[in-house]
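*Asks:* These protein sequence lines are chains A and B, in that order.
Here the first sequence is numbered in this note's numbering, starting from 1 and rising by one per residue.
Here the second sequence is numbered in this note's numbering, starting from 1 and rising by one per residue.
A hint or two may mislead.
Using 25 Å as the maximum straight-line C-alpha spacing, the simulated SDA-like pairs for lysine to any residue come out as follows [unchecked claim]:
no.	chain 1	residue 1	chain 2	residue 2
1	B	K16	A	G27
2	B	K275	B	P186
3	B	K287	B	C198
4	B	K16	A	D16
5	B	K16	A	R30
6	B	K275	A	D16
7	A	K70	B	V18
8	B	K120	A	N14
9	A	K70	B	A262
10	B	K275	B	E190
11	B	K258	A	A62
12	B	K258	A	E59
13	B	K16	A	Q63
14	B	K258	A	S67
15	A	K70	B	M15
16	B	K275	A	Q63
17	B	K16	A	E61
18	B	K258	A	E61
19	B	K287	B	I319
20	B	K287	B	G373
21	A	K70	B	R254
22	B	K258	A	L56
23	B	K275	A	S67
24	B	K258	A	L66
25	B	K16	A	G17
26	A	K70	B	K16
27	A	K70	B	R29
28	B	K16	A	R19
29	B	K16	A	F25
30	B	K224	B	W42
31	B	K16	A	I29
Rather than coming from a laboratory, the hints here were simulated on the basis of the structure.
Computed from a predicted model, the values in this text were never measured in an experiment.
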Amino acid sequence: MCLGVPGRITELINRDGLRMANVDFGGVIREVCLDYVPEARIGDYCLVHVGFALNLLSEAEAQDTLSLLKEISRFEQET
Amino acid sequence: MSAAPASDLPGDYTMKYVSEYRHAGLVGRVLDEIRRTVTRPWTIMEICGGQTHAIIRYGLDQLLPPQIELVHGPGCPVCVTPLELIDKALAIASRPGVIFCSYGDMLRVPGTGRDLFSVKAAGGDVRVVYSPLDAVELARQNPDRQVVFFAIGFETTAPPNVMSALQARSLGLRNYCMLVSHVRVPPAMEAILATPSCRVQGFLLAGHVCTVMGYHEYPALASKYGIPMVVTGFEPLDLVRGILETVRLLEEGRIEVKNAYARAVSFDGNPEAQKIISEVFQECDRKWRGIGTIPASGWCLRPEFSQYDAERRFDVGTIVAQESPLCVAGEVLQGNKRPQDCMAFGRQCTPEHPLGATMVSSEGACAAYYRYGGVTIRA
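One chain only, chain B, in its complex shape (with noise of 0.2 Å):
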């Protein structure tokens, strides 16, 4: 095959390493071959949520064939972030003299009552940062106000945050700290795959988490549960060709973790960014909203950057939430229930108004079923 075509998805533009992945026609080729490879039902799950968004985006769930069911992970970092840490950065940014930065996905979260936009309505300062940098550069123009930064993520936004700390540690700036709370994506597979009621058969590796990362850590992962394993990009193509690849194994047999992302992602991933991690970050056990507490699930900041701990720099006391008792978001967020099979979805739980982690950001499973839910896309 010479060049792609051009793209004829929905909400396309050309772009080199994206326009040809977005292709109608390749993806329903794909689709074809699964179609000729399935036997047999299989459930596969996709970690991420970006991969989430973008399967109910596409309709890519309602093209395959009826054998092949996707369940939808935990990988969404604003939506798995605990309660208590929402309401953590409320207090903080409601605080005098604070400038709280976040990615714009976290101030529409819902703490116990309020979110970062009625406290930046009530007179707070809260700043939509694109990159952890700006909120650096915000600390160096005001030398006089406490710069704070909600350090969400996975893996792939490790690399950023950590450099914000390292960035602020040598332009000597005093005023500019993190509320951290990152996630680990092992962790939670593994969590999981340990559950007696775990329906997961075959994982698609969240791509980007990998860039990072790698993928020398699943291997073990995947033989210790007899699961197959496939790292697996973000557009349509990519996604179509981890699911094939996946149920490839499955018909097969083979328990075997295979890139279908290599454009992206290699075996170790990005030494530098993990070196530089590990310098600033160290692993910690951390509670995922609608799971529980994970061991070994988190990093926080090393000792040696503790003045860069929000939580240490500002003494905001023992802060207990309580969830919805009608949310089954942790249910959703391990593959058991499906956002439709819950009494409130899209009923008292909405965008606007989430009860739940899986409804709290766009690429939360429910919130994806909401939004894009009923849509048929043609193949």
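Excised from the complex, chain A in its bound form (with noise of 0.2 Å):
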């Protein structure tokens, strides 16, 4: 239920007042709400669940679990 994925901002859109925007889900587009994102912009990436964007992925955080593996390499690597 709560599904979040991942998707790119490709153009702005205002529809009855309410910030929406065309977002790229892999090649999949559909509009989505951008209200609770207030700093969105085009080209970044979000955080949608049923239609809405609950945040913007950070890229610098997104290296954070990766970089954990490189903690791991260098533990195998030491043992």
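Once you've looked at the hints, go ahead and assemble the two chains, each given alone in its own frame, into the complex.
*Replies:* Next up, the structure:
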């Protein structure tokens, strides 16, 4: 139920006073409400749940999990 | 490490922020690190039904060292929606002049004797919507009909659901209302932790609930019950990383709340979403299917929004519903029993004919075990 899908904002749209956007999910485009991410811009990646962007994904933090693997690799080499 | 290699887990496709977290080789290395770290048995609960589904789908539970037992929490809103409320939904959806809108997951959930699909088959106007804004649009297009939206969900789904009430108000729609069954994670965790028979030693916190709410509510809960917690995502690499961080905290005896899903979660969450939720919703006691009533565990509409409350607009009377005496869903939801411990599992109780909460949705622990149980996935 709490599924969140990352997608890239490609176009901003105003619809009935709501800040909407077209968002690209790996080739599938859907309209998404941006009212909860007022700072969003074209090109940003957002996490989308039932047609709403709940936040913007952090590229810097995305490296965090992958850098954990670096740490494990280092440990493996040392032992 | 440079860019992550392409994914090779089943059911995958190339998508930024998804594909790199499904790489079997990387998952295997984190699993190796878990094996190196663990020295004794630990019981860890993932709260979120989406995580339960992913863990069983990818067979991650089978790849963990035998000392680690994952138990599956009550974080599936479809599962925990009480039978009485489903019966109310069925009664409202059966009325002439009503368009009843729901997320797809709720349609197959049986109330006492039937489900929303059978109401539709009997001529009721039941529609599946992707977003609550689709229901508001239906209300605008059908001014002579009453449009009722079945607003279920945890904190993740609250911002979209409350926005539909605000949008209906802004458009001046008088024919839109919501049947609200919202639940909150922290009170449910506390209910589980306060049970004397509680076996849970560490929690994987529900990633997308924390996207909205942050994780500032959890340190107090962690220290009160002496339980470490780790904010965890939904892809296989996120899940094994969350488990690794939890095992490290457990092995080192540290009672902390850590964030292993930082690309989507910050400590404070989304303040704008929290502000709008509190404008429309207020806390209320809520009955959880399989568990019972948990104080202050739900959200309902504030009095200022009562005109959008379907329970006020439609008088459906008092409904008393009876659960199956065979079902042990309550014990499964609290981590005290496994699906296969139930005598009815896979016999009287299947996804086609569910007897209780954990079999009704694909995110329920019993339904996930039924669908994927016995599947072995190579490391």
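*Asks:* Does each hint fit the structure? Answer for all of them.
*Replies:* Right, here's what the structure says about each hint:
Simply put, K16 of chain B and G27 of chain A have alpha-carbon atoms about 12 Å apart, close enough for the 25 Å limit, and the pair holds. In summary, the hint linking K275 of chain B to P186 of chain B is supported, as the alpha carbons are separated by about 18 Å, within the 25 Å threshold. Distance check on the hinted pair: K287 of chain B and C198 of chain B sit about 20 Å apart at the alpha-carbon level, within 25 Å; holds. With a CA separation close to 31 Å, the supplied pair K16 of chain B and D16 of chain A exceeds the 25 Å bound.
Distance restraint check for K16 of chain B and R30 of chain A: the Cα-Cα separation of roughly 17 Å lies within the 25 Å cut-off, and the hinted pair is therefore satisfied. For the given pair, K275 of chain B sits about 21 Å from D16 of chain A by alpha-carbon distance, which is consistent with the 25 Å threshold. The suggested pairing of K70 of chain A with V18 of chain B holds, with an alpha-carbon distance near 19 Å, which does not exceed 25 Å. Restraint check: the Cα-Cα separation between K120 of chain B and N14 of chain A comes to about 34 Å, which exceeds 25 Å; the hinted pair is violated.
A threshold of 25 Å between alpha carbons decides the hint, and for K70 of chain A with A262 of chain B the separation of about 17 Å falls inside it, so the pair holds. At roughly 24 Å between alpha-carbon atoms, K275 of chain B and E190 of chain B fall within 25 Å of each other, so this suggested pair holds. At roughly 16 Å between alpha-carbon atoms, K258 of chain B and A62 of chain A fall within 25 Å of each other, so this suggested pair holds. With a C-alpha separation of about 19 Å, the suggested pair K258 of chain B and E59 of chain A falls inside the 25 Å cut-off, and the hint holds.
With a CA separation close to 12 Å, the supplied pair K16 of chain B and Q63 of chain A stays within the 25 Å bound. Between the alpha carbons of K258 of chain B and S67 of chain A the distance comes to roughly 16 Å, so the proposed pair stays at or under 25 Å and holds. Distance hint between K70 of chain A and M15 of chain B is fulfilled; the C-alpha atoms sit about 22 Å from each other, no more than 25 Å. At roughly 30 Å between alpha-carbon atoms, K275 of chain B and Q63 of chain A are farther apart than 25 Å, so this suggested pair is violated.
Taken as a hint, the K16 of chain B and E61 of chain A pair is honoured in the structure, with Cα atoms around 14 Å apart against an allowance of 25 Å. Annotation: proposed proximity of K258 of chain B to E61 of chain A holds, straight-line Cα distance about 14 Å (limit 25 Å). Restraint check for K287 of chain B and I319 of chain B: satisfied, since their Cα atoms lie roughly 14 Å apart, inside the 25 Å limit. Restraint check: the Cα-Cα separation between K287 of chain B and G373 of chain B comes to about 30 Å, which exceeds 25 Å; the hinted pair is violated.
With a C-alpha separation of about 24 Å, the suggested pairing of K70 of chain A with R254 of chain B holds against the 25 Å cut-off. Restraint check: the Cα-Cα separation between K258 of chain B and L56 of chain A comes to about 20 Å, which is no more than 25 Å; the hinted pair holds. Our distance criterion of 25 Å between C-alpha atoms is broken by K275 of chain B and S67 of chain A, whose separation comes to about 34 Å. A hinted pair counts as satisfied when its Cα atoms are at most 25 Å apart, and K258 of chain B with L66 of chain A qualifies at roughly 16 Å.
Restraint check: the Cα-Cα separation between K16 of chain B and G17 of chain A comes to about 30 Å, which exceeds 25 Å; the hinted pair is violated. Taken as a hint, the K70 of chain A and K16 of chain B pair is honoured in the structure, with Cα atoms around 20 Å apart against an allowance of 25 Å. The straight-line distance between the Cα atoms of K70 of chain A and R29 of chain B is roughly 11 Å, inside the 25 Å bound, and the hint therefore holds. As the CA atoms of K16 of chain B and R19 of chain A are separated by approximately 24 Å, the hinted pair is consistent with the 25 Å bound.
For the proposed pair K16 of chain B and F25 of chain A, the alpha carbon gap of about 9 Å is at most 25 Å, so the pair holds. For the hint pairing K224 of chain B with W42 of chain B, the CA-to-CA distance comes to about 19 Å; that is within 25 Å, so the pair holds. Proximity of K16 of chain B to I29 of chain A is assessed by CA-CA distance (about 15 Å); at most 25 Å being required, the pair is judged to hold.
The structure shown violates the earlier hints numbered 4, 8, 16, 20, 23, 25.
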